[in-house]
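**Q** So you can see what is in the structure, the chains are spelled out below.
6 protein chains.
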Amino acid sequence: MQLGFVSAILAELTLEQVLAFAADRGFSCVELMCWPVGRAERKYAGVTHVDVDGLTRARADEILAACERHGVAISGLGYYPNMLDPDPSVAEPAAAHFRKVVESAPLLGVQTVNGFVGRDWARTIDDNWPRFLATWKPLVRLAEERGVRIGIENCPMLFTRDEWPGGKNLFTTPAVWRRAFADLDSPAIGLNYDPSHFVLQDMDPLAPLAEFRDRLFHVHAKDVKIDRAALDEVGRFEFPLRWHQPRIPGYGEIDWGRFMGELQRVGYDGPVCIEVEDDTFGRSLEGRQRAVAVARNVLAPYFG
Amino acid sequence: MQLGFVSAILAELTLEQVLAFAADRGFSCVELMCWPVGRAERKYAGVTHVDVDGLTRARADEILAACERHGVAISGLGYYPNMLDPDPSVAEPAAAHFRKVVESAPLLGVQTVNGFVGRDWARTIDDNWPRFLATWKPLVRLAEERGVRIGIENCPMLFTRDEWPGGKNLFTTPAVWRRAFADLDSPAIGLNYDPSHFVLQDMDPLAPLAEFRDRLFHVHAKDVKIDRAALDEVGRFEFPLRWHQPRIPGYGEIDWGRFMGELQRVGYDGPVCIEVEDDTFGRSLEGRQRAVAVARNVLAPYFG
Amino acid sequence: MQLGFVSAILAELTLEQVLAFAADRGFSCVELMCWPVGRAERKYAGVTHVDVDGLTRARADEILAACERHGVAISGLGYYPNMLDPDPSVAEPAAAHFRKVVESAPLLGVQTVNGFVGRDWARTIDDNWPRFLATWKPLVRLAEERGVRIGIENCPMLFTRDEWPGGKNLFTTPAVWRRAFADLDSPAIGLNYDPSHFVLQDMDPLAPLAEFRDRLFHVHAKDVKIDRAALDEVGRFEFPLRWHQPRIPGYGEIDWGRFMGELQRVGYDGPVCIEVEDDTFGRSLEGRQRAVAVARNVLAPYFG
Amino acid sequence: MQLGFVSAILAELTLEQVLAFAADRGFSCVELMCWPVGRAERKYAGVTHVDVDGLTRARADEILAACERHGVAISGLGYYPNMLDPDPSVAEPAAAHFRKVVESAPLLGVQTVNGFVGRDWARTIDDNWPRFLATWKPLVRLAEERGVRIGIENCPMLFTRDEWPGGKNLFTTPAVWRRAFADLDSPAIGLNYDPSHFVLQDMDPLAPLAEFRDRLFHVHAKDVKIDRAALDEVGRFEFPLRWHQPRIPGYGEIDWGRFMGELQRVGYDGPVCIEVEDDTFGRSLEGRQRAVAVARNVLAPYFG
Amino acid sequence: MQLGFVSAILAELTLEQVLAFAADRGFSCVELMCWPVGRAERKYAGVTHVDVDGLTRARADEILAACERHGVAISGLGYYPNMLDPDPSVAEPAAAHFRKVVESAPLLGVQTVNGFVGRDWARTIDDNWPRFLATWKPLVRLAEERGVRIGIENCPMLFTRDEWPGGKNLFTTPAVWRRAFADLDSPAIGLNYDPSHFVLQDMDPLAPLAEFRDRLFHVHAKDVKIDRAALDEVGRFEFPLRWHQPRIPGYGEIDWGRFMGELQRVGYDGPVCIEVEDDTFGRSLEGRQRAVAVARNVLAPYFG
Amino acid sequence: MQLGFVSAILAELTLEQVLAFAADRGFSCVELMCWPVGRAERKYAGVTHVDVDGLTRARADEILAACERHGVAISGLGYYPNMLDPDPSVAEPAAAHFRKVVESAPLLGVQTVNGFVGRDWARTIDDNWPRFLATWKPLVRLAEERGVRIGIENCPMLFTRDEWPGGKNLFTTPAVWRRAFADLDSPAIGLNYDPSHFVLQDMDPLAPLAEFRDRLFHVHAKDVKIDRAALDEVGRFEFPLRWHQPRIPGYGEIDWGRFMGELQRVGYDGPVCIEVEDDTFGRSLEGRQRAVAVARNVLAPYFG
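Chains as they are written, first to last, in our numbering: chain V, 54 to 357; chain F, 54 to 357; chain U, 54 to 357; chain Y, 54 to 357; chain W, 54 to 357; chain L, 54 to 357.
Do not rely on the hints blindly, as some may be mistaken.
Stated by the list, open to error - According to the in silico footprint, chain F covers these stretches of chain Y (three or more CB under 8 Å from chain F):
no.	segment
1	297-305
2	316-324
What the hints assert, rightly or not - Derived CB-CB ranges, DEER-like:
no.	chain 1	residue 1	chain 2	residue 2	range
3	F	Ala353	Y	Glu197	53 to 61 Å
4	U	Gly124	F	Ala283	53 to 61 Å
5	F	Leu338	U	Asp267	46 to 54 Å
6	U	Glu264	V	Glu145	47 to 55 Å
7	V	Arg336	Y	Gly335	50 to 58 Å
8	V	Thr177	F	Asp322	57 to 65 Å
9	L	Ala353	Y	Gly357	55 to 63 Å
10	F	Asp114	U	Gly162	22 to 30 Å
11	L	Glu306	U	Glu306	15 to 23 Å
12	V	Arg336	L	Glu306	36 to 44 Å
Said to hold, decoys possible - From the derived model, a few chain V residues whose C-beta atoms are all more than 10 Å from chain W:
no.	residue
13	Leu66
14	Ala126
15	Arg232
No wet-lab data here; the hints were simulated from the structure.
All values reported here derive from a predicted model rather than from experimental measurement.
We treat Cβ as the ideally placed atom computed from N, Cα and C, and that holds for glycine.
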């Protein structure tokens, strides 16, 4: 396994600066964000550390040279839009850009592209299903052709009122995964697994690792704290932001020794990238840098 | 406190038979269902043990005589429709019939009428609020005038797809209660508290009793079993029927000694009515009668 | 379900007295012991409340008349020898007598015969298997022909040094049951399930009920207390009698509300017979009678 | 074991009424209070159901006849003063009256007299010790001579400011008991064990039963609820009344099944008397009667 | 946050040596002890790393130069006497010396002075209150004038018989803090918070951090192990030294990940100073140095 | 305490390479395996990093020089055969070779020799005892004479069918240790304590440390994961390999902070050597090296 972080947490920095920071703090990889330039539609979104629009061989080589110079690998390319947004003017450009990210990965020698499958949040899973398949079958075929694996993060994207009730990403539970893997029928689609989302949904964050070991393409290391007093006031069916708080690994509900031990046991050997949405370190670049340093200290012992 | 049951569980029996069964099994009270005759719109609904349409003094006296003959009191009148259904042809007759139930209570010497406040299940709590107040202010005023208390059950009414995502009853959490009690500003509105609904929502079923002691008008004794394996498959945000099973007291998650002890501690001295939605005893009348007998055995020791 | 007890606990009493005691204490059934007359080879064995040697229609009618007179049913016939004892002079008479018990059941209108499958305690499960099948296939065929079901108790019979290391009964775990049910391939073989034996083996006593619901022919209600301090001294691999103590339901490790609730959930509708090996009430008849009375009080509420 | 109650909870009733109530509610014994007439110095004290001042054979026979008439035994005589009060005008009459209670017990055929050893609450255990021995050695000798056993309740008598910091009874822990039993060196001194006092002191209420089985002369059945929120505010070193609430068995922290099972296991065969200091049933006679009825329902199943 | 230690643990070393050790082991700050020279009245007391008696600008500059040379900051000045000792010859010099410490802090550019408020241990909190206010109001005013904050440690100072029953420091619980902060009414008085003291008092060591976030001036990192077996012998009301053992962070009851995460969440950004009273490393200087090294390893990851 | 590892995990490496690896990874000691050359009879056995057959002063000096060159000490010599094998051709050479290991230790300046006492796995502890004493008394005398301590590992050596039922090492529990220490009556025999074996036997791995502190000669750091689902299938009496998996410290059931804290508390000051039987890192040399690195990271903080 390789310890890295998600480049979105250093949105203010250039790619070069991101790689320098990673090297300086002893990280061996980074997941690079590939949002379209200039379109930040929500928090943590809209970061462009690799601009895949018209990515050339030359630019790709520059990027790879920078990586080599800093001794930092690219764990994956990340782009997390809602391709199943009911508004086609949101969904269609998202799918088009995601294609570009998939197509760019081989140029950069990157095996994994991460994202969400999206969801029409006002509709049930069943009601989303036909459009989900229609959208994703071609993307999965494209990935197969290009030798790329797509890792879908298991985030419900259900935090605020405008995402209520269904959230903006279908790919949140083993029940959904099984159905999707069966219907898409491709080795190119798998998981960018983040255990904190299972805590949010009151599910065991270790349980699915064994069954889905062959679908574990990428892992996000993020944690969450459940506020029991708040939960007693509003219940689990309320917007989760009222009763949970994103934290870094070490400050949340997950036992990271057990989690890393289970990753090891099921044979996972890929990247583990820290994600920082923990506001307790402050919303500044410096706060996020301190946060990622603490998280690294908590996780680094398990990387030998 | 008085131990009773909800008459809906003996839908096949006449009022006389219900009272005879209650007496025979040592119950001291029954909550009598008052649905409009002939309109059973969902499971457990549509039972009419008291027909409030044109209830006369004479009929009321007959009912009271039967109660006296069997030594069984009426703990409350129950009618649980969705007065906030987006379809006015559902909502309006519901409110009209609820008025009749409130108006009938004094005729029967009954202090408490139980129900739901309803909800447009596709809209958020905030979006439901104006209509909730518009509907309920007059009902609460009516109750005040008639010396009746309305006990709203804290059930989310969110079990199946057609109730997804918001359920058909707003009155599910302390946060909602506080807001409603403040806005309605009346001693005539309170709770028909059922602890199982808090387990369903991952909330502490004892915590609210102290704060809301003055609003505890009626109590339902029902329990629920959480299926952790199922929850690990689909998460808390899925329809609850996939990961919970209604059970009788004694066979679920609630510690009834602690619950009864807390009711005692906060000074509750009203009825505690067993509700049976536990299919494990079979869906027959005889099964429900066995279920209520076991539940009685579990709870009776706490009634001295 | 019907609440009863195992007649072995009243070894000093005649059948008539056993039935009178059962009736007096409100039990609805009794499992009657059918050991050969005069051959008590170990504690709790050797009790003969029904002598199946040459049982005639006339004697059977007398027994049934006594049952009817007292209003107490026979839950099953019990005979628990070691038919796989390495000494043929033990094993062969045991099998021969077990045949007689099976053959007698229809005379008494009894559907279930309970026992152990036995084991050569010095050999592994695999090494016992061929002889197990050779012994049990004919017995199971006999049971099928006679319309009788054989309920094997899941007791390891591993308590003292002479039973070490393997115990005298193979039928102790789901892994063994599955293999046996597959190899014997008959609906006539099932379980006389006693949850305390799973506690002894550090297994969840509720877990197997759902999978084996169709094999639950009879249930024993016994409990056990684990002595953690003793266990810390000698470990689980020592003779269990050093670190556990048989207790009645209510005084041991099992949550009987959960157990009875799970029996109900999986649809079990047969007898639940209390077994008393709890020496804390004294080894006298009177002590065992007090013990069975306390156990009844603990379990009776779940029988409606 | 015999189920009874402490007569102090029915202070308003005459002895005859107490016995009638006990019989009516199915109790087999009562601990009768023997305070001097007219001197109620604190809550729950000062009750005189047997006036030992000048108790005659004739009066004793009347009492015994009343007991026989109602079928209720006297489990013990109770008098709980502070014989080690620093004020001799408190301590000396207390000791003198205690002597009378001991001397009266044989007249009533009662084996056990219950009380406190007392304490100068402002001094440490060590500083109290010499006076404790000087006071108690003669009392214990007297008890031996009269064939009476003295059961000391393990209550710290530390609830309010005037009892702070040491409380008014030394006999609260196994460490003290061992020292006292060694120094007094008599089989006539033992325990009137109340498990709730161990919960108050953050001690395991079952742990001492096995070691002190020969000193268990009498048992009080009372429970207590710890208020964790209050404890987090003031800590365990504050007056306990700020963070605990006396409750009846079933509504507190103790698992009574485990407690009764352990009493049974260690061979205790004496009285278990319910004590009601649970204000949640109201401070009226009727409230205490309801409380004792609920407690009886919780405990009665364990009495066979 | 800055990781440091309390200089009292290196009593044998000079200030220069203390700073050198701190720098060598990677600590960024030290709390320097300021006891009057030569007056060590109890264990861990009497250490003088800064002599405030007649502290001159020149000596202050020397100290600051040493700090700068080693790259180690002064987290606070520490002096922990009992200013409320009933003996004026103890209390008055203590208060006088504390004034000097407060007055010296600005010379050293130090913002925080730590201590105890003291207590007459034989009297209740209420009885101490008037003298507490009389003593502390002027001290707090002085601190305000000098721009210094006083951090009171929440230690009960209740370990041995001569400190029984009340201990030598009132400032032990949120209930006391709220009252004191209200009565002293000054932003210059706050907490030097040590979570181990809450474990000792059976209180949640994380609970008060959120409410008192603005009063958190300094933090001590110490832990404690509760000896449950000893507690079962003597109870929580006995001297705590009989049932607890001071330990370093990592070897006690506190989950330091949760504690540090909560400090972070409430916005604490000050020093966290390790205190070593853990005798298991030996009572030598070398033992304490090893202990502080282990504690640093346990805590350092949380400092990024 | 000193952190090291067991050289058997680097079976492919020469002694020189083992020491180099230890030095490179910051270990301060290694337990060197001393199996007879060429006789690997089971997994993890048969490793010869020191060949004690004809070990000369010169060779010993070479070894010591290598140790000094790398700055790595020898924590102990290890040889773990079954000297109580029922086959004399196994048992006798084992005992003879063990003598040689004991005799070699002084040459290498090593104080501790580690091994098993062995067992005839088909016989009870009692039945093994006479032969155990006959074999071990002379070995213990030899050790005394040579100034060597023998540390017996508490491993049951009961993993596979050929070791069933008793395992190949008697020295597994405090009950056995006490008896052995009493019968052998020598300070030269003690423990090479591995906490994971207590988890396997369902025993508290910390509990024995205090009592046996004087017998703690060496410690192995290994962990184990219990597979509850497998245990529910086969029970604790089945071969342990069906329900447990060896893991490195940090990935198993043991809380290493508590374990190290307790070692510290009881005054243990010897070596703690990591043992790797954790297959999840792969069965290659490189896998074992990564495993030992992760285990070191988990344990190193406790070594100051």
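**Q** State for each hint whether it applies.
**A** Outcome of the hint check:
no.: 1; hint: 297-305; verdict: holds (count 5)
no.: 2; hint: 316-324; verdict: violated (count 0)
no.: 3; hint: Ala353/F with Glu197/Y: 53 to 61 Å; verdict: 47 Å, violated
no.: 4; hint: Gly124/U with Ala283/F: 53 to 61 Å; verdict: 42 Å, violated
no.: 5; hint: Leu338/F with Asp267/U: 46 to 54 Å; verdict: 26 Å, violated
no.: 6; hint: Glu264/U with Glu145/V: 47 to 55 Å; verdict: 49 Å, holds
no.: 7; hint: Arg336/V with Gly335/Y: 50 to 58 Å; verdict: 55 Å, holds
no.: 8; hint: Thr177/V with Asp322/F: 57 to 65 Å; verdict: 44 Å, violated
no.: 9; hint: Ala353/L with Gly357/Y: 55 to 63 Å; verdict: 60 Å, holds
no.: 10; hint: Asp114/F with Gly162/U: 22 to 30 Å; verdict: 53 Å, violated
no.: 11; hint: Glu306/L with Glu306/U: 15 to 23 Å; verdict: 20 Å, holds
no.: 12; hint: Arg336/V with Glu306/L: 36 to 44 Å; verdict: 40 Å, holds
no.: 13; hint: Leu66; verdict: 18 Å, holds
no.: 14; hint: Ala126; verdict: 23 Å, holds
no.: 15; hint: Arg232; verdict: 37 Å, holds
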